[in-house]
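The chain contents come next:
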Amino acid sequence: MSLYVYCLGDGLTEAALAGVRGLNDEPARLFGHAGLVAVVSPFGEAPVPVTRAHLLAHNRVNAQALASATPLPFRFGTLTTEERLASYMGARAAGLRAALARVRDCVEMSVKLMRETTAEAPAAPPADAGTAPAGTAFLLAKRRELLGEERERRRAEELAAWLERRTSDLARESEVRVRPSESIVVRAAHLVVRARLADYRERLRALRAERPDLRFLNSGPWPPYSFADADVTASGCE
Amino acid sequence: MDEALRFEDEELSLLETLDHVLDRGLVIAGEVTIAVADIDLIYLGLNVLLGSVETVNQVLGGREQRLAALGVRAPSDEGGGR
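If you read the protein sequences in the order shown, they are chains A and B.
If you count by the working numbering, then the first sequence holds residues 10 to 247, one letter each, in order.
If you count by the working numbering, then the second sequence holds residues 9 to 90, one letter each, in order.
So that you can see chain A by itself, here it is in the shape it has in the complex:
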């Protein structure tokens, strides 16, 4: 029987997880090693299907843990054994404690920005483009395309910088991804101290009012998925 792992912390208690059920309705419990505790539940054979029920269960357990402390969440689908989990926690204990200190008392808030209005049409071809030789016309068209891409990239970066400027005083850290060619051009994750959540929400309301040309997709609080390094360095032999 494998163990499904939800999250890991140093301040989680059985009482905080009392009654919460994980994947396949199995009870979540704590697994302790090296002064750290992981939240786990039994699971059958790999792989883990990405189903609505499993996603909600993964989220339910982590949300319950987040209500009492700030854990480091594991990626969906992490299956292991007690021996391998103990080896991971023991070998990376120092790195994991440092990662926990980084996110302590915080939650992750997510902001995604989409442009409400459609992108500008590409610049009209020059008047003589129709009479230009085929090779020249191709190069002119390519130039217009590249200029358009550059303009979109610059606009997306300006949006990201604007969001960063207007939220940096309320976020301990931020992770920002800029994707000019995608529907969501800016994806930001903010690490916000719990005591400042009300201020943060108020700031986002003000930003929405300030930029009616943007569509905001906000969610949270989340466990700090974006601030839990995927590969915490081992501090000893595994």
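No wet-lab data here; the hints were simulated from the structure.
Note that the Cβ used here is the ideal one computed from N, Cα and C, for glycine as well.
Watch out, some of these pointers could steer you wrong.
Said to hold, decoys possible - Okay, the calculated beta carbon distance ranges per label pair:
hint	chain 1	residue 1	chain 2	residue 2	range
1	B	37	A	144	46 to 54 Å
2	B	37	A	148	43 to 51 Å
3	B	37	A	65	42 to 50 Å
4	B	37	A	10	18 to 26 Å
5	A	154	B	37	40 to 48 Å
6	A	190	B	37	25 to 33 Å
7	B	37	A	60	21 to 29 Å
8	A	151	B	37	37 to 45 Å
Based on these hints, arrange chain B on the given structure of chain A.
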């Protein structure tokens, strides 16, 4: 749960969950194993979905690249592992 810890928009919660949990968080090397068997769940809420679709595509694309690098043919999404 504290009122402040609820999702701001319940309709987004599943899609946002998908977007967060698939490619972020702690990883124990070699121990993330998923199967995209219920892929239709991402076709809910078209307005907010594109982010999740992009995430899934990246995850699947990454899986296929890794398998290709190993010389293994990628399984179909139905029951395919990562």
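Verification of the hints:
{"no.": "1", "hint": "B/37 / A/144: 46 to 54 Å", "result": "52 Å, holds"}
{"no.": "2", "hint": "B/37 / A/148: 43 to 51 Å", "result": "48 Å, holds"}
{"no.": "3", "hint": "B/37 / A/65: 42 to 50 Å", "result": "27 Å, violated"}
{"no.": "4", "hint": "B/37 / A/10: 18 to 26 Å", "result": "21 Å, holds"}
{"no.": "5", "hint": "A/154 / B/37: 40 to 48 Å", "result": "41 Å, holds"}
{"no.": "6", "hint": "A/190 / B/37: 25 to 33 Å", "result": "32 Å, holds"}
{"no.": "7", "hint": "B/37 / A/60: 21 to 29 Å", "result": "25 Å, holds"}
{"no.": "8", "hint": "A/151 / B/37: 37 to 45 Å", "result": "43 Å, holds"}
Figure legend: structure checked against the earlier numbered hints; the only hint not met is number 3.
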